[in-house]
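Sequences listed follow chains A and B, in order. Using my numbering, the letters of the first sequence map in sequence onto residues 1 to 138. Using my numbering, the letters of the second sequence map in sequence onto residues 139 to 330.
Just so you know, the hints here were simulated from the structure itself, not pulled from any lab data. These numbers come from a predicted model, not from an experiment. Misleading hints may appear alongside valid ones.
Which bits of chain A does chain B cover? Going by a derived footprint, with three or more residues having C-beta under 8 angstroms, they are [what the hints assert, rightly or not]:
| hint | segment |
| --- | --- |
| 1 | 14-27 |
| 2 | 70-79 |
| 3 | 102-110 |
Calculated Cβ distances over 12 angstroms to all of chain A for the following chain B residues [to be verified]:
| hint | residue |
| --- | --- |
| 4 | 141 |
| 5 | 145 |
| 6 | 157 |
| 7 | 265 |
| 8 | 278 |
| 9 | 302 |
By construction, the Cβ of each residue, glycine as well, lies at the ideal position given by its N, Cα and C atoms.
Now for the letters of each chain:
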Amino acid sequence: MRLDLILRIGTKLLLPFMLLFALYVQFHGDYGPGGGFQAGVIAAGMIILYALVFGISKAKLIAPQWLVERLVPLGVLIYAGTGVVGILTGQNFLDYSHLAHDPVHGHEWGIFTVELGVLITVSSTMVAIFYAFVERGR
Amino acid sequence: MEVFINMALLTLLAIVTVAIARQRNLFGAIILAGVYSFLMASLLIALDAVDVAMTEASVGAGVSTVFLLAALHLTQSLEQKSLHTAALPAAVACVIGGAVIWGTIGLSPFGTPDAIIHKHVAPKYINDTVKETGVPNVVTSVLADYRGYDTLGETTVIFTAGIGVMLLLRGSGRRRRQREAVGQASKSGEAS
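So that you can see chain A by itself, here it is in the shape it has in the complex:
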């Protein structure tokens, strides 16, 4: 019988709440503390905790390395792309006024997509750095 049973069961119980908290921090960032940066680190922390307890190969099944490494530039592209869409709608770079029918909704959508870009880049970068360290240590 494995001796780390409590650790493994405890981790399994924690993981969904960590993901839920990351999503809460992300989508409630407009009203409370938090945003893409913090949510990204918490989401990455979930993957890292899973990898620490269950091993790196199990973690790569839920967050494959090729996917993580492609998400790193994707977030920056989403952010910069939102700015370019601002230019295409006749505004300045990163001006969200024309993204929706009225400027206030446009700004809400702009902030939403930009925060999504931050979340994607931050979380995938943290997981990618962790994978790089673990692979080197083998």
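Based on the hints, put chain B in the right spot on chain A.
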């Protein structure tokens, strides 16, 4: 009461800083660095900077402690004795520290509402954020909208750091393939 809490936290921060500087065991230094970040996060909560406190707790005390431990796994856990004396670094630190303290004399007292920094763009952000962006959290609207350029740069910094670490630790794809090819060749050589 709040002054007392701030004083206690700042004293603990100073103690932990000295302990980190004197610690030769790198494992202990990493754990103390985590303690430092946690104390800093508590201090930022006491100063009502919840967003920054959250970042400090998750990045400083959380992920960077894990990264430092992972880096420690690749090296040895005891710091080498330095070959130089600490006189010059200590002098530089004292001069810079003195300059910083001298600079704080010119600041307005702690928590003054009519300090210059609160008179510039801050009132506009606080008054207009709901009207202009529909987002009640001023920190979010400043980060993602009014100062969107800065956050784009910040995200690019994270991206660059990630790419840099991956290149340094894993090597480029071509070199890795060469290494694997050499490994396979030596294996087949052993077999024959």
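Point to revise | Separation of residue 141 of chain B from chain A, once the least beta-carbon distance is taken, above 12 angstroms | key: At about 24 angstroms from chain A, residue 141 of chain B clears the 12 angstroms cut-off, so the statement holds.
**Study point:** Least C-beta distance from residue 265 of chain B to chain A larger than 12 angstroms
**Key:** holds, 15 angstroms
Practice item. Closer than 8 angstroms, Cβ to Cβ, for at least three residues: run that test on the segment 14-27 of chain A against chain B and report holds or violated. Key: Coverage by chain B is violated for the segment 14-27 of chain A (1 residues, Cβ < 8 angstroms).
**Study point:** Status of residue 278 of chain B, Cβ more than 12 angstroms from any chain A Cβ
**Key:** About 5 angstroms separates residue 278 of chain B from the closest Cβ of chain A, which leaves it inside 12 angstroms; violated.
Check your understanding: Minimum Cβ separation between residue 302 of chain B and chain A greater than 12 angstroms?
Key -> Non-interface label fails for residue 302 of chain B: nearest chain A Cβ at 10 angstroms, not farther than 12 angstroms.
Check your understanding: Counting residues of the segment 70-79 of chain A that have a beta-carbon nearer than 8 angstroms to any beta-carbon of chain B, does the count reach 3?
Key -> holds (count 5)
Exercise for review: Check the non-interface label on residue 145 of chain B: least C-beta distance to chain A beyond 12 angstroms or not.
Suggested key: holds, 25 angstroms
Exercise for review: Hey, is residue 157 of chain B genuinely clear of chain A, shortest beta carbon separation above 12 angstroms?
Suggested key: At roughly 26 angstroms from the nearest Cβ of chain A, residue 157 of chain B sits farther out than 12 angstroms, so the non-interface label holds.
**Study point:** Cβ contact check, 8 angstroms cutoff: the segment 102-110 of chain A against chain B, three residues minimum
**Key:** Satisfied; 6 residues make the cut.
Violated hints for the displayed structure, listed by number in ascending order: 1, 8 and 9.
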